[in-house]
Structure formats: structure tokens, C-alpha cells
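**Student:** Letter by letter, the chains look like this.
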Amino acid sequence: MTFEPLLERMPVDRLPSLSDEAGVGERPRYREEASFKIHGGCGLMGICDESGALMSGEDAIRAMAVQRDRGNGLGGGFAGYGIYPEFPDHYAFHMMFHDLKAKEEAEAVFDQYFVVDLAEPMPTRPVKGISDAPLLWRYFLAPDPHKLESSDMSAEDFVVHTVMLINSSVDGAFVASSGKNMGAFKGVGFPSEIGHYYMVEEYEAHTWVGHNRFPTNTPGWWGGAHPFTLLDWSIVHNGEISSYGINSRYLEQFGYKCSLGTDTEVAAYLFDLLLRRHKLPLELACKALASPLWSEIDRMPEEEAALMKSLRAVYGPGMLNGPFAIVLGFNGGMVALNDRIKLRPLVAARQGTKVMVASEESALREVLDAPDKVWMPKAGEPVIARVKGMDWPIHGDLHLSASEVSCAVTGAEDTCDTAEVNN
Amino acid sequence: MPHTLIQPEYRVEIDYDKCHKCGRCVQQCGWGVYSFNERPIPDDSKCRACHRCVTYCPAHCITIKKNDLALKENPNWPTDLRKAIWRQAETGGVMLTGMGNDKPYTSYFDHLVLDACQVTNPSIDPLREPMELRTFLGRKPDSVQVEANGTGGFKLKEGSEVSNNVELAAPIVFSPMSYGSVSLNVHKSLSMAAQRLGILMNTGEGGLHADLYPYQDNVIVQVASGRFGVTPEYLNRGAAIEIKVGQGAKPGIGGHLPGEKINKEVSQTRMIPQGSDAISPAPHHDIYSIEDLRQLIYSLKEASGYKPVGVKIATVHNVAAIASGIVRAGADYVYLDGFKGGTGAAPQIIRDHIGIPIEIAIAAVDQRLRDEGIRNQASIIAAGSIRSSADMAKAIALGADVVAIGSAALMALGCHLCQGCHTGCCSWGLTTQKPELTRRVDPEWGAERLTNLVHAWSHELQEILGALGVNAVESLRGSRERLRAVGLDEQTCKILGVKPAGM
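Taken in sequence, the protein lines are chains A and B.
In terms of the numbering used here, the first sequence opens at residue 1 and continues consecutively.
In terms of the numbering used here, the second sequence opens at residue 1 and continues consecutively.
Derived by calculation from the structure, the hints in this document are not laboratory data.
Since we're looking at a predicted model, the values are computed, not measured.
In silico BS3-like pairs for lysine-lysine, Cα to Cα no more than 30 Å straight-line:
1. Lys264/B to Lys434/B
2. Lys499/B to Lys103/B
3. Lys157/B to Lys279/A
4. Lys157/B to Lys388/A
5. Lys101/A to Lys128/A
6. Lys18/B to Lys66/B
7. Lys342/A to Lys378/A
8. Lys155/B to Lys279/A
9. Lys65/B to Lys103/B
10. Lys155/B to Lys378/A
11. Lys147/A to Lys101/A
12. Lys494/B to Lys103/B
13. Lys434/B to Lys65/B
14. Lys66/B to Lys434/B
15. Lys155/B to Lys342/A
16. Lys103/B to Lys66/B
17. Lys65/B to Lys46/B
18. Lys279/A to Lys388/A
19. Lys157/B to Lys378/A
20. Lys72/B to Lys103/B
21. Lys388/A to Lys155/B
The following label-pair restraints were derived from C-beta to C-beta distances:
22. Glu490/B to Thr124/A: 41 to 49 Å
23. Asp89/A to Asn318/B: 52 to 60 Å
24. Leu118/A to Arg328/B: 51 to 59 Å
25. Glu296/A to Pro141/B: 19 to 27 Å
26. Lys388/A to Glu460/B: 46 to 54 Å
27. Lys388/A to Lys155/B: 22 to 30 Å
28. Lys373/A to Gly159/B: 35 to 43 Å
29. Ala321/B to Lys388/A: 49 to 57 Å
30. Lys373/A to Pro141/B: 36 to 44 Å
31. Met376/A to Glu460/B: 30 to 38 Å
Beta carbons are placed, not taken as given, at the ideal position from N, Cα and C, and that holds for glycine.
Assemble the whole structure, with the sequences as input and the hints as a guide.
**Tutor:** Next up, the structure:
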């Protein structure tokens, strides 16, 4: 395994040998959750205050607590946006370490490329039911200006490269999230327990997403819980993509490698492809992923029908087929999307400037005391919440190739080996 | 000396107690098996077991049996090889045959099984939910470019439409079979059915008869090495144009339509003298390399106002590299014809021993085009013994966009696979130009049977998609994750991109 192309762009002394002085137990490589496709069901929530007003994480925990039966205790998590107002321009790295050595090695990477303005253990409290937690730390980082300039990369690219470097080459270290003014709190356990363990109720965010996982088989890995993140976007997902086989092969054509074997990963890369690389508006990306039926398209006005026909003809292999409900969170808001014939539950509500979605209506009623409107979004009709005055689109100026993106997210080495610049 | 050492392959047995002595069998047999002397007398040596007489006998008194003459057993010398040697010793010629490869090669389709949903994801009931088969044949752009439409929505950026694609109601077309090799009534049946079904028929290399003009929007017009019937008008009539480089039944071989089949109508359509042999050269004499192909593709596009242009090849060893070259040369689709594909006439030795199986070819080509990032630039049509909707579903899962059926279509019209197409005596009136035989196919009847067949397969494909839990065929296309191999070796699984059952 070599990192020549990477190191050329980002000159660094070779990392210290990773094989010696292993910590307690075998150090896992956080690169692949399983060599097979993982099936499962889930519960989820998302809430966004479009005025930008902040809400306590308690709301998110309560929304997931009433949906406890949708998971089996093998994964829960949250992501909040606007949680670090004191560090709005720093990249907040939420880290999972298997042992101190992994931490040292990851920190060596940070020290090399970044100015570390704060490093601290993630605040947690003991909670019954949560055990085997990795070492959890967070870092507020700004790219070293000289290194950034000499790298000839945008700051976003620079960060993703770092994530990629750590996930793929530092055994026992995993980047749980790396965006600005946001963070993911996830692990193995029920979401209410995970939320209290991370003290999520102490944070305030304008947008929260939450997830309760029901995998039918999994090694029970903390990094494998949702949300799934890169930079400032996060995905929670309930579903089973029956078209996984062709979706992943389609993505391979653009340089992505789907090595986690999860549907969420496929959904995340498809959003990345459509929004960032093909520059489709969010509404149309949703239409490409959960396409209207031909019988609907044939009844549309000519201009719209031509557009939908093109979307289906071109993005047919990327269409997510099979049951799913998905929430994509980002610093500008969130979008929730159902599959094209609504095979998984998703309900939405609005109360004033708050837009909320969840798998079950009970979650909406738990959090919103007097919703103006509660509705069942139609199949394939996205629910979009945009925070007033916030940047749009989703992530900044990424110029990475697809394989670099997949490598950063999954940490799979082979993706870096075959990095082809396909942009 | 005996006239021949070869004994009849079949025994025609007539139960004379039941026989009406009506002479229908004499009239129906195109091979001249029967003579009549107070009662029908069969000549076994002429029988091809096509069952025309059996089907039409009002008394059901005819039985065709295998002539079970014992020969000294020798697995190294099967009966057909011994007969071939006796026949060639008599004639000194190349043995001709019709239809597809009849040797017992492995069918990889029969070693692949499909998936279904249980619990973690729901199956979908095609009787209650939409189940979409609509398919686009042609080149797709890499991405869709949009701009604001001024009313808060979006519209396609000018010039970014998916142009030059043919829309098919189902992922199935009829294979090229030329007018000349098959009768005009067969062509009419195919084109009428194609129009009703919203799919395509394919002229083959024999031109487009004027009677088919009303159906031209559902016709692929073929340009083969003989260039029969090719005019600017012909190119502009079709929905798409196909350059035929090769055929699965006879890779590397040209075509030979005997003069007996060139009657007045065929001669007009092909633009060759009546009664003259129609010889298609083995290569196109203006295509000796890939860059020549590119020139022809673009010449045809220029001549037709940029209709989709496809290229049909036989699947041979290097099919993936060849297909990649074809796509890069500008083809809108690649038509892969596997080594079990049918023919109206081919040397038996070529038909039975050249080329590779279609399943392998689909897998290799689809993967190569993906590896090169050009899979969206061309559709793949797969042909060469697609025998059922299951074969169709498996071909699509391996990576084909569309399948083409030829033998199955002829069977819908009565063909019994007797392999006598090259004789021009087809009792079912399909591969013949004899008016007393061709009139046996009523185009209206034929179109209805073909329509029924494609509808039946479409419904079955919808059932399969429903079981797989997807409601559009594009979600099965190339989704090899939904296939598993039973009884295939590791290397073959790897080539097919399919895991063994249990993994």
C-alpha cells in the first residue's frame, strides 16, 4: 500500500510504523464494516428551524426515544448544526480512537497540517447500556496556512484529504465527523442512551438529525452507526436499497468505491455525484434518485416532461429503488426524501419556522406541542428546510475526485490506489 | 453402389386405420416427403421433423419418430460426426445448416439464479403497483444540464436533451432477419407487432420492402457488407441504423442467399437482378479497421440527420476490447450476438465452433465499458439464444440494456427448429419465398402471436422485478448483485461478476 499520489500533493514524512506496540486487544482497521451487504431497518428524525433559532439536543433525543422499537440497540446517533458557535470557522473533528497510540498517530497528522486551537475529550457521562466505547476526542482545527497554500488545494479538499489519510492509514482511528460548526454523536446502543452518553441535550443546534439502527447483522462497530458524514453533510437513512447492485456499479464508473457495503454509503455518494459534481439543484437530484413514474411524466407539461425524461434516461442506473426514507442534513438545512412508491414511513410537520420529519408521527407530537400542519409527504416528494441566510449549496469548494471522497469516508485503502481524477 | 450411406434421421409412421386419405399431409409438406397412391406414402429420408403435417393432419394419425438404428457405440464418434463424413465424402462440399448452434455447450443462463425479497425489503406486486419496463436505446450524456426556467423551476439547458434515443416500451426487440431469408409475410408480422408493442423490428441486410413503410418508425434498418437495398431514403426511413459487422452463427463469414430465393419482390427490395445469388462479403470492403468503422458510422449519421447508429458484432474472444472500440468510434449501441444465435444459412462447422457465449460477452463488455467510464455512451443489445423471459432478466442483470429475439420470434410464427432454413422449403412458410408456402403466414395472425409472446415475457419480467423489490427495469440492469451462480467455477463467476449461491 502506497500513498504516493497523495503524499506528492500533501508532502509529509512517512507516518511512524503502525505495527509495533499495539494497544489493548487487536487494533481494528476502520475501513470496512463487513465484506457483505448489511441488511436492516431503522428509525430516523430530522428537525430544522428555518429562522436559524437554536434547539436543545433534548428534542432530538426525545424524538428518537419514542421510536425506540425501530432499533435493536446496535446503533444510534445524532448530528447537530450550529452547535459550536464559539468555533464557527474551525473544522470540528469528532474522533474515535481504539487506543492511545492511535490517538497519538492521528494527532501527529493534525499537528503536521493544522493549527489545533482546542483538543479535548468528548464530554460524556456513564450511561447504563453503553459499553465498549472507544476513546472519544474532539479537535477544533484550522488548516495550517502555509501547508494549505503549498498544497494548492481548497480548504475543503485539504480537510477531506486529512480525513482520508487518517481513516485509511491510521489503524484504530476513525473520523466520525469533520464539518464546521457541526458534529456527529454516534455509537453502539439505543439512540436515547447514545444521546445521553454524549450529553447531546447540552448542545443547541438549528438543525438536528437522529437515527436508530436495526441491523440484521453487524459487527457492532461505533463508526458504522449513522449519521454518515463528510465535511458538513450527514445522512441518516432507513431502508434497503434493492437497486444497490447497479447503484454501486454506476458510482464506480465515476470513481467511487462502495466498500462499506451499506445502502447509506451509496445514497451519500449519489448525492455527492449529483449535487457537487453534476451541479444539479437539490430538487432535481431528489427527482433523479426517487424518479416520478412514467405515467406521471407522460402527463406533465412538455418542458417538465422532457426534463424528467432526461433525468430518468441518464440517471436510471443511479435511481434508488426499493424502500427508503432518508434525511440529509447540512449547514443550510435539511432535506428528507422517500422512495418512489413510499415503502418506508416518513411523516412531516411544520410549526412556525420549524420543519420536522420522522419515521413515526409520535416523534413529531413528542417534540412539537402544536404543529400547524402534519402531513405524509408523497412518494418521491422531498421535504426541504432551508435556514434563512445560510449558504447554499451543501458543501464548499470541493475539487476531489470521487475515489478520494469515498476513501475519506470509508477509509478503504484500495480506493486511494486507484484514484483517478475523473472530474 | 448405394446412393447414400446415410440412413433417414426420422421414421414417419401413419396409422392407416385412422387416415382419412385426404392428402392434406402431401399438400402441407414443403420437403416433398409424401407421395400419394390411394393413401399417403412417406419417404422418411426427406423428413426434417418440422411437424407441419402432424399439426395439420385432421385424423392425428401421423407420428414422427427418431430412427433408432443402432450403430456400434463410440462416444468419440457421435452419430452426427459419422454422418457428416459420409455426406462430405459424397458431395465434397461445405455442410450448410440453419438456425442456431445445436451442440450441447453449457448454458450459463441455466447456471444463474435470481434473487427475491424477504422481510428486510418488501417485494412489490406488479398487479397492484406500477412496474416500469420503458427503455431508451442510444447514447446518453454524462450528466443532465439544467437552467432556471424563469418561474422558479428548472428546464433542460438547450442542447442537453437526451437526443437520438429510441424509446422502447419493453427491453426487447426483434433480431435482424432479412427479407429474402424470411418471407415478406414474416417481415410484415414482425413490423406490425413491433408497432403495436412499441418496440423495434430489424430489417436484416435485405432492405426495406415498400409494404413496411407504414411501420418504419419501429424498424431498425441494417447496413451490411452487401449493402443490399441501402439508399439515402432507406436510411432515413428507419428509427435507427445498424451496421452489421458479424453474426453470432457465423462470425467472420459473409452471407449467401441463393438465386432461387431472389424473386421479383426480393430483387426489387435488394436492388439486385432476379435469380442472381446475393453474396455478402465476409468483411465490409470499406471497413478494414476501427477508424474505417468510425467513418462509416458518421457517414450514416450525416446521411440520416443523426439517427442512432448501432453496430452488430458476433461475440468473439476479444469482444470487450472490440465493443469498447466501437463505442469510442461513435456507435449509439452495440449489438452482441452470441455464438448460439440463429442464421438463415451458415456453414455448420462455423456455426457450431466459433464465438463465445452471450452471457460471458455481456458481462465482459458491460464491465469493460464501465471500467473505461463510457458505459453511458452506448446501449448494449444482447442476442444469441434468449429463450425465455428468465434469460432476458438474467441478460439484463448481467448488463444488457435490451435483448433481441430471432429464433423465439420465428417459433411464435410456427418454426419447430428443424434447421432447414437454408433450403428455402420451409413448410411453415417462414424461411422461403415459394408463394404456395409463404401464404401460410397471415401477417395479422403472425403479428398477434408475436404481440402475445412479447406481452407474456413482459409480464413475466414484471413479476421478476416485483419479486426483486424494484419497480423499474433500470434498477435490474447491470445489478449483478441480484444474481447468484449455481455450479460454476470460481473463474467463470469472476468473469460474470456474480457470486456463487450462498455468498
